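Every letter in the sequence shown is one number past the one before it in the numbering used here, and letter 49, counting from 1, is 49.
If you are wondering where the hints come from, they were derived from the structure by calculation, not from laboratory data.
These numbers come from a predicted model, not from an experiment.
Just so you know, nobody snuck in bad clues.
Straight-line alpha carbon distances no greater than 25 Å define the calculated BS3-like cross-link-like pairs of lysine-lysine that follow: (1) 110 to 174; (2) 236 to 174; (3) 14 to 170; (4) 110 to 236.
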Amino acid sequence: MKSNEKESEWLIPKSEISFEYLTRFNRNMMFLHLIQGILMIILGLLPIFQYEANIYTIYPIYFPDVAPGPELLFEFSAVGALVGIFLLLSAIAHFLIAYPLNRMYQEDLKKGINKVRWFEYALSSSVMIVLIAIFFGVRSFWLLFTLFVSNALMNMFGLIMEQYNVYTRKMGEKIKWGPYYLGVIAGAVPWIVITAFFITAGLEAAGEIPLFVYLIYGIELFFFNTFAINMILQYKEVGKWKDYLYGERVYIILSLVSKTFLAWLVFFGVFQPA
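Please model the complete structure; the sequences and the hints are all you need to start from.
Structural data, given as structure tokens:
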């Protein structure tokens, strides 16, 4: 009887991957993100590493012959801190999952949900998007703010997608893809803007754009799309992705690799001795 009650807690097919394994895995990821985050902040604060970008606000001027003039809001120079932030946010999320919220994490996974993941992504990947946008010449504070919010909404739609489809597997119903499509639209907005700036910069400064900028664009665009592909594979139950916890492990690996690549590309590209 106890066995049946335990089995009934699962709203998705029971996984061969144990919660103990995922807990250890999250603990290891916590340390990897933490070490890199602290290192990036320390390196970014060293005087030999310099990067500055002026962030402006631009408001319309209601005179037909006068163009709106940008006003300097602040001078952005804390690249190391910003890189460290998205790494440390991931470290905090893995800590919460491995320790105080571990029970909730396990119960959510039985339903095919990981709330902590989506809230962490909403913050960390949005910081990443802002950083990438700054590298490609986006200097308007409110445009950067819009990109941050749009990317955060993409991740919130990911959470809604999981919550919306909690019982579909158990009941044998069709997957409801509405939240996924909305998330794709929200997630595409920042990359459309970044691509427009990237193309414009390429046309105006052909041959002058550093290699690391091209690498950031290509690698991070690729990784951002792999998260969406991972979700498709989960809900289509393709191959090993029939096991929801396999997809969960892939999310964790993708998060580490994408953040690590961006952090070290920034370091080797921007953090060069002045």
